[in-house]
Amino acid sequence: MGLHERYLLKVEGLTVSFDGFKAVNDLSFYVEPNECRVIIGPNGAGKTTVLDLICGRTKATDGSVKFKNQELLQMREDQIVHAGVGRKFQTPSVYEDLSVFENLEISYPKGYGVFGALAFRRDDTVQARIEEIAETIFLEDLLTEKAAYLSHGQKQWLEIGMLLIQDPELLMLDEPVAGMSVAERKKTAELLNRIIKDRSVIVIEHDMGFVEDIATRVNVLHQGKMLSEGSMAHVKADPKVIEVYLGH
Amino acid sequence: MTFSKNSLFTRQELIGFIVLAAIIFLLLPAVLDNFRLNLFGKYLTYAFVAVGLALCWGAGGILSLGQGVFFGLGGYCMAMFLKLEASTPENTSIQSTPGIPDFMDWNQLTELPFWWVPFHSLTIALIAVVIVPVTFALIIGVAMFRRRVGGVYFAIITQAFAAILTILIIGQQGFTGGVNGITDLRTLKGWDIRTDEAKEVLYFVNAFLLFGVLLIAQFVRKSKLGRILIAMRDQEDRVRFSGYDVASFKIFIFCLGAAFAGIGGAMFTLQVGFMSPTLVGIVPSIEMVIFCAVGGRLSILGAVYGALLVNWAKTSFSESFPELWLFGLGGLFIAVVMLFPNGLAGIWTEQIMPRITKLWAARAGAVAPIPATSTEEEGAI
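Sequences listed follow chains A and B, in order. Under our numbering, think of the first position of the first sequence as 9, with each following residue one higher. Under our numbering, think of the first position of the second sequence as 55, with each following residue one higher.
Since the hints were made in silico from the structure, they are not lab data. For clarity, every value in this text was computed on a predicted model and none was experimentally measured. Don't be surprised by glycine CBs; every beta carbon is placed ideally from N, CA and C. Possibly wrong hints are sitting among the right ones.
[Said to hold, decoys possible] Label pairs and their calculated CB-CB ranges: (1) A:98 to B:189: 39 to 47 Å; (2) B:404 to A:36: 26 to 34 Å; (3) A:77 to B:291: 45 to 53 Å; (4) B:415 to A:133: 52 to 60 Å; (5) B:291 to A:127: 44 to 52 Å; (6) B:77 to A:136: 37 to 45 Å; (7) A:28 to B:265: 38 to 46 Å; (8) B:228 to A:127: 44 to 52 Å; (9) A:42 to B:273: 23 to 31 Å.
[To be verified] Heads up, simulated DSS-like pairs for lysine-lysine below, C-alpha to C-alpha not over 25 Å straight-line: (10) A:154 to A:118; (11) B:412 to A:154; (12) A:195 to A:248; (13) B:276 to A:154.
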């Protein structure tokens with residue numbers, strides 16, 4: 009038992025091939041509870057594809073992804089969400105025609121079925137929770153604003169908020185600070201540092217200062233394969249990593 | 055900060071409902087002669103379809119070019135019952151097989167097909183009016199949406215279904231009445247539906263049912279499901295990763311639209327007195343989309359106005375310039391898409407309402423704050 013429960017997420021031999029091109033090739037790694045794992049690597053290394061495979065957006069050709077000993081590869085996207093895996097996309101994807109409040113409300117983990125959604129009521133618990141999350145993501149004054157009118161950074165925060173409200177055990181973030189202003193970046197780093205405390209997180213990031221700040225362990229991907237894995241200090245000293253990535 | 059908590063109507067929407075009710079229940083019956091009122095009764099039956107489309111297409115982004123299928127299925131279920139009632143052995147004593155519908159006799163059928171038999175019962179027919187279109191929509195919906203067929207592909211496939219059903223009905227003349235449809239319908243449980251009084255009563259039945267459908271549509275729009283539909287239209291993937299099974303929501307709303315269309319079809323049969331494949335095929339299906347687009351596809355009330363106005367224009371124009379009407383309809387559709395993508399409802403909420411609000415504010419001598427509702431909610435007026 010002991011060994012099985014040590015890891016929250018076990019990725020083993022994960023492979024996906026697009027018309028013979030292996031975007032991710034025989035990749036294995038393990039994520040522990042409350043760990044912040046950062047994936048780095050040059051463009052086209054397959055970082056985003058790994059997240060896509062874990063959350064069910066792309067179907068794997070081979071391998072296994074076990075979350076709390078449940079095989080995720082056979083599950084639908086929404087079932088994976090219910091299992092406790094949340095995913096933030098690289099470009100902010102929020103519901104532009106709905107208000108900030110409604111965006112968060114849709115993400116509130118209740119009334120997932122057709123009839124559940126019909127019967128869903130905005131009660132005080134829901135409202136309080138939404139206001140609490142809105143405060144965390146710096147949007148408490150913009151709850152009635154249409155999401156389309158938010159700035160790029162605010163949309164990124166809103167999407168993070170939409171994940172937080174579901175309280176996932178594993179949170180996957182794809183370049184959460186990309187395209188942000190310096191001030192927004194600082195606020196986001198502060199936000200992320202706060203929310204990664206009581207859950208496991210997988211982050212794709214290019215900003216090395218930021219990575220050093222948050223990472224427990226780092227995976228370096230190159231051409232769909234694991235180039236190096238370990239602490240930030242370890243991968244920084246790895247000659248292979250310096251060769252393909254950090255050196256440039 | 056306050057949010058509208060679960061209320062079914064905003065004040066604006068309530069006024070919109072009341073105005074429409076006043077027009078349909080009071081104004082039209084007061085100013086129209088019996089013949090015209092019956093025509094408007096026919097237009098109202100199309101409004102059922104348009105309301106369903108406002109949910110499917112306007113809110114959910116699912117464009118169906120085959121709503122005529124569901125309209126027709128509902129209409130045929132009703133027509134089958136009425137035809138059987140009209141085909142008593144006494145009425146059909148000159149046939150070689152008395153007691154079966156006349157077109158069956160003409161096609162050398164000597165026995166009522168087994169699937170016609172249940173339609174002797176009004177209860178079964180009424181249930182079938184809703185269940186048959188919904189079952190059909192369910193099959194199409196599961197087959198398409200589970201495979202993630204959407205957008206243009208879905209629209210084309212629904213259009214194909216409209217073509218297939220038309221061909222099937224025309225081809226199976228002995229069972230369906232063929233290209234003539236099911237005609238010469240007389241009574242509903244002994245009540246003659248051909249008289250002027252009956253037509254007037256049916257107009258009001260139509261109107262009541264339409265408001266029932268509008269209330270259901272409003273409830274759906276205002277529920278979280280309504281907001282999920284809008285979210286789906288814009289960011290289908292995000293909805294999936296918010297933990298929803300997108301396909302089941304699409305199937306639900308498509309089935310609901312089919313149920314509305316089926317009720318509309320059945321009312322058409324009663325109001326107009328026949329059902330034929332010309333109401334099932336591609337052209338009527340596209341016309342139904344135009345009703346919805348002209349009214350404003352985001353707005354359920356707009357859809358009703360669209361259905362009434364376009365059909366009224368159709369009748370008026372085709373009386374004077376029959377050969378020009380189709381060009382007019384095409385031109386109207388292009389104009390709406392190019393100039394007023396939100397249709398009549400959009401013109402109302404974007405152009406007229408702000409001016410009225412301003413005027414009121416000027417009168418009151420104060421600057422009225424523009425209500426901060428999202429466009430979606432305004433669109434419902």
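Status of each hint after checking the structure:
no.	hint	in the structure
1	A:98 to B:189: 39 to 47 Å	holds (42 Å)
2	B:404 to A:36: 26 to 34 Å	violated (56 Å)
3	A:77 to B:291: 45 to 53 Å	violated (27 Å)
4	B:415 to A:133: 52 to 60 Å	violated (38 Å)
5	B:291 to A:127: 44 to 52 Å	violated (25 Å)
6	B:77 to A:136: 37 to 45 Å	holds (43 Å)
7	A:28 to B:265: 38 to 46 Å	violated (60 Å)
8	B:228 to A:127: 44 to 52 Å	holds (47 Å)
9	A:42 to B:273: 23 to 31 Å	violated (44 Å)
10	A:154 to A:118	holds (23 Å)
11	B:412 to A:154	holds (23 Å)
12	A:195 to A:248	violated (34 Å)
13	B:276 to A:154	holds (17 Å)
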